[in-house]
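Trainee: With chain U fixed as given, assemble chain H onto it according to the hints.
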Amino acid sequence: MNKLSPLLVFLLFCTALPVQGAGPQFTDVTQTAGIDFLNAAGSTDKQHIIETQAAGGGFLDYDLDGRLDLFLTGGARPDSTAGTALYRGLGEGRFNDETTRTGTGMKGWNMGVAFADYDADGDPDLYLTRWGRDVLLANRGDGTFADSTSAAMLGSEGWGIGAAFADYDLDGDLDLYVANYIDFEPGGSPFYDGWCSHNGVPAACGPTGATAQADILYRNEGDGTFSNATGEAGMLGTNYYGMGAAWSDLDADGDPDLYVANDGHPNSLWRNDGGHFVNKSLSAGTAYSGDGRAQAGMGVAVADFDNDLQIDIFVSNFTRDHNTLYRNTGRGFFTDISGRAGLAGSSRPFMGWGTFFFDYDQDGWQDLFVANGHLLPAIDRAGGGLRYRQRNQLYRNLGNGRFREVSIDTSQSARQVSRGAAYGDYDEDGDLDILVCNLDAKPTLLRNDVPGKGHWIILALRSGDLEAVGARVFVDTGDQRQIREVQTGSSFQSQSDTRLHFGLESAIAADIDIIWPGGQRQVFHAVPANHHYTIRRGVDRLITE
Amino acid sequence: MRFFIILLICAACGDEPPAPAKIELPLLDLQQANMGIQAFNAGRALQARGQFTQAEQAYRQALKEAPSNPQYHYYLGVALHAQSRFTEAQKQFEKALEIKPDYAGPHIALGKMLYDVHGMASEARELLTTALQLAPEATEARYILGLIHQREGQWPEAINIFSAIVAADTSHLKARTQLGLAHLQQGDYPQAEHELRQVIRLNPHEPAAFLGLGQTLSRSSKDEEGQRFVERARILGEQNTQLKPHHEAMLKYPNQPKAHSNLAALYNRFGRLKLAAEHYHQSIRIDSTYGPGYQGLGNMYQRRGKDALAARYYLEALRWDSTLAESHNNLGLLLHGKGELEKSIQQYEKAVQLAPDVGFYISNLGNAYLEAGELDRAKTAADRAIAKNPSLVSAHILLGDVYARQDDFAQALKQWQAIPAIAADNERLRAKITDAQQRLAAQAK
Chain U
1 MNKLSPLLVF LLFCTALPVQ GAGPQFTDVT QTAGIDFLNA AGSTDKQHII ETQAAGGGFL
61 DYDLDGRLDL FLTGGARPDS TAGTALYRGL GEGRFNDETT RTGTGMKGWN MGVAFADYDA
121 DGDPDLYLTR WGRDVLLANR GDGTFADSTS AAMLGSEGWG IGAAFADYDL DGDLDLYVAN
181 YIDFEPGGSP FYDGWCSHNG VPAACGPTGA TAQADILYRN EGDGTFSNAT GEAGMLGTNY
241 YGMGAAWSDL DADGDPDLYV ANDGHPNSLW RNDGGHFVNK SLSAGTAYSG DGRAQAGMGV
301 AVADFDNDLQ IDIFVSNFTR DHNTLYRNTG RGFFTDISGR AGLAGSSRPF MGWGTFFFDY
361 DQDGWQDLFV ANGHLLPAID RAGGGLRYRQ RNQLYRNLGN GRFREVSIDT SQSARQVSRG
421 AAYGDYDEDG DLDILVCNLD AKPTLLRNDV PGKGHWIILA LRSGDLEAVG ARVFVDTGDQ
481 RQIREVQTGS SFQSQSDTRL HFGLESAIAA DIDIIWPGGQ RQVFHAVPAN HHYTIRRGVD
541 RLITE
Chain H
546 MRFFIILLIC AACGDEPPAP AKIELPLLDL QQANMGIQAF NAGRALQARG QFTQAEQAYR
606 QALKEAPSNP QYHYYLGVAL HAQSRFTEAQ KQFEKALEIK PDYAGPHIAL GKMLYDVHGM
666 ASEARELLTT ALQLAPEATE ARYILGLIHQ REGQWPEAIN IFSAIVAADT SHLKARTQLG
726 LAHLQQGDYP QAEHELRQVI RLNPHEPAAF LGLGQTLSRS SKDEEGQRFV ERARILGEQN
786 TQLKPHHEAM LKYPNQPKAH SNLAALYNRF GRLKLAAEHY HQSIRIDSTY GPGYQGLGNM
846 YQRRGKDALA ARYYLEALRW DSTLAESHNN LGLLLHGKGE LEKSIQQYEK AVQLAPDVGF
906 YISNLGNAYL EAGELDRAKT AADRAIAKNP SLVSAHILLG DVYARQDDFA QALKQWQAIP
966 AIAADNERLR AKITDAQQRL AAQAK
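Chains U and H, in that order, give the protein sequences.
Each residue of the first sequence is one higher than the one before, counting from 1 in our numbering.
Each residue of the second sequence is one higher than the one before, counting from 546 in our numbering.
The following block holds chain H by itself, in its conformation from the complex:
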């Protein structure tokens, strides 16, 4: 339900509603009109950030300056609707239409509200159809009309409408998803499969499309393939559940860089890199000194193997916040990879100093010590890392490596085999184990 509210809010504010063709304002004092425009523009900006209460105030200010401006009434209605103040919103939409009867926006808003709140499908359809006659380009109105048809079980009508939207704009994924789902509901599985595969090709993170495709395939006697899509939908759905509070926090605090970088970190973890980059960049657009934003971008590019770019972002992160242990550690990894051992040790040491309880930072430092031939320091680091996190794979491998360097292959094997799952998918480690076993056998002879 809350998802649906968000959907409607987004529908209300996300797209540009069609403006009235020509607004004939009464003669106003120029200064007054300018003040009204300024307040209105401020309202639009606030609304775009989801700050509907403040947007409402701005629109009310604009209406004080220009009480007969239908656009101001309409936008005030949208801000009120977003706050679920339906009666007040309705009055504003009606006022806008009283001033400008051929204004499509309030027709759309009223139609949407009549269905959403009161379930009045036929009245809503009538208003939306009128709106589309006034503003045929109003895609959002067409989409809502399609949704109403779909929810009311008028699948052929819904399919016609969604098809028209998709024909005009092949990238309208919401419409294409619903087109696929409507075909599925109607039992036209080939068409459903065609449309939903298109959606997935364009957006591989849309759970509804994956689920719809999975259901379609299962119903088309392709159950094995269908189950794979259903499973992917389940994973995406769970990801969305985790993303939801962060997304809501971002909408609530759009000017907080942390809200964006937290959301971006989750997108990054889920492999949705475009969105991750978008929100990391937004965090540093809001505050160009926000270190975690740069760090996140560094992390993202490092995962993609773009080391030079990643290093630049880590350095930028540390320029603004030298206490970011993760940036030090990751920079250390990049330097280590380039063979700059001494510099990497410096970075690892800073990371460990800043976050002394993070086992894998200590383990990374130990690896660098080992490579530098400082076996005692490497062993101390490995022991410490294991003490912090007994199941840390890299620390056990490190400790085994230290023992191996000391020709103590029995102890090395003990460490490498400490966690059986380690070796299963680590070819290098398996080779080490085989080698150690051969050496032990040779020693025994």
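With the rest of the complex left out, here is chain U:
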């Protein structure tokens, strides 16, 4: 044992360090970019569960100037100022706070966001999930937003977390799914303002014991209003603690299916059968871990990680459990291959939240990012290596079905209590940068400075004035064929750039095959690499940005 003890000390020390000394280079540019939004989410001791999650955000181009803007959410602040922020992209990597001018400042508990042009007027609108009434901020097109919640007949009073738009009934407008969490009132049953205990330290009570709230599917009526279609679409049933939600055509039948990560309950996979949904998660193998346990699902990422042209699912989970990668094996079935892919043991010390697949090194294989952070500030006192502030994890896709964790940077300051996460090419240099939303701190904007990256292509797909949400794009370089979908929402309380980024490795051109919503195909041959393109449905000419 005298030999073992130092070994253990060394091993535990190793878990506290970034994985690789000289990993890919991402530079924290938050300050120089002009982002100073401080998310102060309630008290620092986090006695209430509501205080432990409010940090989301993402990339959008609200003013259609071709530069990505940033929207951020956060919790109720002690000074009662707004807990949201909209930063306008100025170019050259800089942003300006336009919250007040745009009318997007929201007080209270703002959880997550989804961006989409719900009213088909050509610019993206904002949907905010909140504790209390959710809010729809309609983009007026003049650089300001209006609260259109009531006019649109939205405004769920639950505790919304995940939200995502898609055209589930293929009628040409964007519908909305909202994942709701639990009934919660400070001082109310079953929490009573008391402290609970977790890992031997004081902890906010819940969610165990709380009543699950029903998720809601809103159908866009095409006249600026939505109606609750949950029942008629077949989505009523047992309620779970809904968290991340992502639309994707998982069975490749031309309509979007829905995956929802549920905290402490089986995850849901709603197969879309012509506008009617059936939860196939149990038989598909995506409800539980491979060894048959319900996990604490938080964030969701859906993408084809192994380039077999089938969309796979990744779910981030609680600490002392593994994040789960479900490989799509076809015919509607999935297999938990987390361990085989190298994602199991490495994720156990961390509590995962925001997550996405993206090809940071542009080698043609989608890598994986997971934002981490524990729930309990007191967890540092529990010992055993558990930490409140945790490093985020970047996994490089090795192209052989496996991932290897690589470090983002080596500074201790990189440890935050992270929740939401999104990617986007904010500096328009053709690679993907990272936004991480943190609790009781500023967000982190990480600029991709990875050297020696491959070639790339970025596609913005427009169907008339609308972003072509749900479009599937195949890019073929001869050596490789990849697929992406235009998605909203997903991750955790966040949304990434809706433009599609493809890493092409050494290829200098690629064929592009688009399946538009509704099934129409459009093909472009030998499209030169290293450009941003806009593709309009039915127009056989690429527009270079």
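No lab work stands behind these hints, which were simulated from the structure alone.
For every residue, glycine included, the Cβ atom is placed at its ideal position computed from N, Cα and C.
Be aware that a few hints might be false.
As the list claims (entries may be wrong) - Short derived list, chain U residues pointing at chain H, Cβ under 10 Å:
(1) S148
(2) V201
(3) C205
(4) S283
(5) A287
(6) S289
(7) T319
(8) T335
(9) S338
(10) A382
(11) G383
What the hints assert, rightly or not - FRET-style restraints, in silico, Cβ to Cβ:
(12) H:G732 with U:D511: 28 to 38 Å
(13) U:D79 with H:K789: 40 to 50 Å
(14) H:D980 with U:L236: 38 to 48 Å
Mentor: Same frame as chain U, now just chain H:
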């Protein structure tokens, strides 16, 4: 996640960890050693009941008397681990190994902790392999090693380990379930089906096995059969969700008879009779005067048609608690069934007196009155029962019966047809309705 914590706690305390082969204690005063043993045994008893904080105190007391006893250090570590105090637990495991390097238990505990908390799969596997060399009979260590292989995607290794456990102990259902699931993950559907069917045969309440089998069959182009197993898994999963808080309450309050009888009542409702009986019996082992425990057993045996045994338990329940309305009512039903009408009426009347708002107690009483020819009292009871619970089927049938006895078949039919769903699967009632319709037709002629 919480399920997993419970799993690990159970893994830590459920099975007997291998004791050190031979502990060479320093010379101690005999009295001191005895005190240490007493404290240690008290700790074991507390730990078995899930009272880890108290167990910790007992082990610390034992260590005061015998600070070099590796077993005491190890068990203190287990109690600390169960409280998620990992650093302290680790120190105790290390101390135990310092004193007794060939002690398998702390190797297992450390291995488990390294994987669970830190995800260190290879280090954990090494420690567990060492433990198995020291104590090849340590099945729990083997099982955990198999789980680590499985979660890390090393399915052939996991299959080998689970197979070895199952070969040594065919009733090790956890290992057999994971063996089936590992085959499923690996895509070996015939083997997965074979193993999971075995599990279901031995334990028809294991949702993971049902789900795994359902998935296996669906992937083997037997989708219809697969869906049936998936649906059963869903139901069992929901049952487990309902059982969970009661199970946790039972673990938290293992000496409270009510915690056991509440859990047993749910097991009984879900048809898991063995477990129901176990917890009802436990409730009356804790408190031999606990009436609801006897009542629950009576209810369970009554459902199984063992009326004599059920009656004995109801009488025992009422001996200790004469206010148990359900026991009076059910005893009334048993007596009624035996034709002892007068005695059954007495029991029903007591039930109604104790629980005047329970419609079906009143309806049962009304039925007995009807049989005794007391039509007015029967009608009053039926009306009262319907007032308490308008959708109570038995009360509508009773009221119809009363009208029929008064040759008022139109009113009888009205009652019998009050709830359309009633007649659908009640052959006797359908016969009554047909008869009443014929009589009405005859009256019309």
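Trainee: Do the Cβ positions of G732 (chain H) and D511 (chain U) conform to the proposed distance bound of 28 to 38 Å?
Mentor: Because 33 Å falls inside the window, the suggested range holds.
Trainee: Let's test the interface hint: is any C-beta of chain H closer than 10 Å to that of S283 (chain U)?
Mentor: 5 Å, holds
Trainee: Does the closest beta carbon of chain H sit nearer than 10 Å to the beta carbon of V201 (chain U)?
Mentor: 8 Å, holds
Trainee: Close enough to count: is the Cβ of A382 (chain U) nearer than 10 Å to one in chain H?
Mentor: 6 Å, holds
Trainee: Okay, D79 (chain U) versus K789 (chain H) on CB: inside 40 to 50 Å?
Mentor: At 41 Å between Cβs, range holds.
Trainee: Using 10 Å as the Cβ threshold, decide whether T335 (chain U) counts as touching chain H.
Mentor: 6 Å, holds
Trainee: Under 10 Å is the threshold here; is the Cβ of A287 (chain U) close enough to any Cβ of chain H for the hint to stand?
Mentor: Where the cut-off is 10 Å and the nearest Cβ of chain H is about 8 Å from A287 (chain U), the hint holds.
Trainee: The hint names G383 (chain U) as touching chain H; please verify it with the least Cβ-Cβ distance against 10 Å.
Mentor: Hint on G383 (chain U): holds, closest Cβ of chain H at ~3 Å, below 10 Å.
Trainee: Just to be careful: measuring from the Cβ of T319 (chain U) to every Cβ in chain H, is the smallest value less than 10 Å?
Mentor: Hint holds; T319 (chain U) Cβ to chain H Cβ min 8 Å, cut 10 Å.
Trainee: Against chain H, run the beta carbon of S289 (chain U) and see if the smallest gap drops under 10 Å.
Mentor: With a closest approach of 8 Å, the S289 (chain U) hint holds.
Trainee: Going by Cβ atoms only, is S148 (chain U) closer than 10 Å to chain H?
Mentor: 39 Å, violated
Trainee: Is it true that D980 (chain H) and L236 (chain U) lie within 38 to 48 Å of each other by Cβ?
Mentor: 42 Å, holds
Violation of the numbered hints given earlier is confined to hints 1 and 3; the remaining hints are satisfied by the structure.
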